[in-house]
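The numbers in this note's numbering rise by one with no breaks, and the one at position 34 of the sequence shown is 173.
EDC-like, lysine to aspartate or glutamate: derived pairs with alpha carbons at most 16 Å apart: (1) 185 with 148; (2) 149 with 174; (3) 185 with 145; (4) 157 with 174.
No lab work stands behind these hints: they were computed from the structure. All figures in this text were calculated on a predicted structure; none of them were measured in a lab.
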Amino acid sequence: MEKANESMEKELHVRIQKLVEEYGLTNVTKAVEVENQIASYSQTLKK
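Just need the whole structure built from these sequences, with the hints factored in.
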């Protein structure tokens, strides 16, 4: 389970990077927001 969460986080991080590259720096803040939400969600899953 732990490994699955880790690879999921990495995959999402890569996806966010691709979005940033596609849409430019204007959406970095939104991407960071989303990434933070994902991180807090995955922390919730680990508890």
